[in-house]
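A.B. asks: For what it's worth, UniProt numbering labels the leading residue of the sequence shown as 1, then goes sequentially.
Bear in mind the hints are in silico, worked out from the structure with no lab data behind them.
Hints should not be assumed to be uniformly reliable.
Only pairs whose alpha carbons sit at most 30 Å apart, straight line, appear in this in silico DSS-like list of lysine-lysine [what the hints assert, rightly or not]:
1) K66 x K15
2) K146 x K217
3) K144 x K167
4) K111 x K27
5) K156 x K146
6) K45 x K217
7) K23 x K144
8) K23 x K146
9) K146 x K111
10) K27 x K150
11) K146 x K27
12) K167 x K15
13) K144 x K15
14) K101 x K150
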Amino acid sequence: MYRILLVEDDIDLSKEIALALEKWGFKVELIDDFEVVLDEFMDKKPDVVLLDVNLPLYNGFYWCEKIRAISNVPLIFLSSRDSDMDLIMGINNGADDYITKPFSIDILVTKINGIIRRVYNYSDSNSILYCEDLMFDVGKGIIKHKYKDKSIELTKNEIKILTLLLKNKNRVVSRESLMMTLWDNDEFVTDNALTVNMNRLRSKVKELGFDDFIKTKKGIGYII
1 MYRILLVEDD
11 IDLSKEIALA
21 LEKWGFKVEL
31 IDDFEVVLDE
41 FMDKKPDVVL
51 LDVNLPLYNG
61 FYWCEKIRAI
71 SNVPLIFLSS
81 RDSDMDLIMG
91 INNGADDYIT
101 KPFSIDILVT
111 KINGIIRRVY
121 NYSDSNSILY
131 CEDLMFDVGK
141 GIIKHKYKDK
151 SIELTKNEIK
161 ILTLLLKNKN
171 RVVSRESLMM
181 TLWDNDEFVT
191 DNALTVNMNR
201 LRSKVKELGF
211 DDFIKTKKGI
221 GYII
């Protein structure tokens with residue numbers, strides 16, 4: 001489950017955004033002390049930061065600079081300031097995107113999804129992940145038993161699913177999070193399509209001798 005830090009001083013708006021994002025499977029952390037934004041960032045360790053520009057004490061540009069000094073975490077500005085100069089300042093300060101208020105939650109989710117897909121899903125394409133005796137070569141897209149010669153090739157979607165589950169080992173990953181991971185730019189993945197891909201992946205893992213490797217948490221998601 002991806003963690004989002006939302007830095008927004010409009011309490012009603014922040015709760016509205018948090019509720020909407022949580023329905024999509026995100027874990028949303030809110031801030032109520034705008035004097036310690038950097039401390040909250042280091043404590044929460046978010047995967048994505050949503051940052052308002054007009055904040056008490058110090059504005060969003062200030063906090064963006066502070067965050068960028070210690071981290072390359074994806075960051076999106078949310079602001080009612082819609083001038084070209086504000087957008088330029090936001091991007092020049094290190095933001096990955098700049099969304100003006102009011103905005104559609106669907107647009108926000110799409111942009112978050114795109115950043116997550118770009119930054120997290122493909123960054124470890126040369127890595128090898130392990131879980132018990134299962135070895136997953138992300139770059140080659142194959143799984144194998146550590147002590148056996150047999151290997152099985154995975155499809156693009158199966159690679160995405162297994163990567164996300166292994167990166168969140170011992171934590172439940174919601175179906176919504178998995179669907180967003182599989183979402184290509186031109187086609188939204190249906191709930192049924194996720195089920196088909198999951199069943200196929202489970203069959204391949206079981207073929208290597210790993211029964212009940214991916215467990216279902218009914219009504220929530222999946223866990224390894």
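A.B. asks: Confirm or reject each hint.
C.D. replies: Now the hints, each set against the structure:
About 25 Å separates the Cα atoms of K66 and K15, which keeps this hinted pair within 30 Å; it holds. Proximity of K146 to K217 is assessed by CA-CA distance (about 27 Å); at most 30 Å being required, the pair is judged to hold. Restraint check for K144 and K167: satisfied, since their Cα atoms lie roughly 18 Å apart, inside the 30 Å limit. The straight-line distance between the Cα atoms of K111 and K27 is roughly 16 Å, inside the 30 Å bound, and the hint therefore holds.
As the CA atoms of K156 and K146 are separated by approximately 22 Å, the hinted pair is consistent with the 30 Å bound. Distance hint between K45 and K217 is fulfilled; the C-alpha atoms sit about 25 Å from each other, no more than 30 Å. The hinted pair formed by K23 and K144 fails the criterion: a straight-line CA distance of about 35 Å is larger than 30 Å. The suggested pairing of K23 with K146 is violated, with an alpha-carbon distance near 38 Å, which exceeds 30 Å.
About 38 Å separates the Cα atoms of K146 and K111, which puts this hinted pair outside 30 Å; it is violated. With a C-alpha separation of about 38 Å, the suggested pair K27 and K150 falls outside the 30 Å cut-off, and the hint is violated. With a C-alpha separation of about 34 Å, the suggested pair K146 and K27 falls outside the 30 Å cut-off, and the hint is violated. A distance of roughly 28 Å separates the Cα atoms of K167 and K15; the hinted pair therefore holds under the 30 Å criterion.
For the proposed pair K144 and K15, the alpha carbon gap of about 44 Å is over 30 Å, so the pair is violated. Restraint check: the Cα-Cα separation between K101 and K150 comes to about 54 Å, which exceeds 30 Å; the hinted pair is violated.
Checked against the numbered hints listed earlier, the structure breaks hints 7, 8, 9, 10, 11, 13 and 14; every other hint is satisfied.
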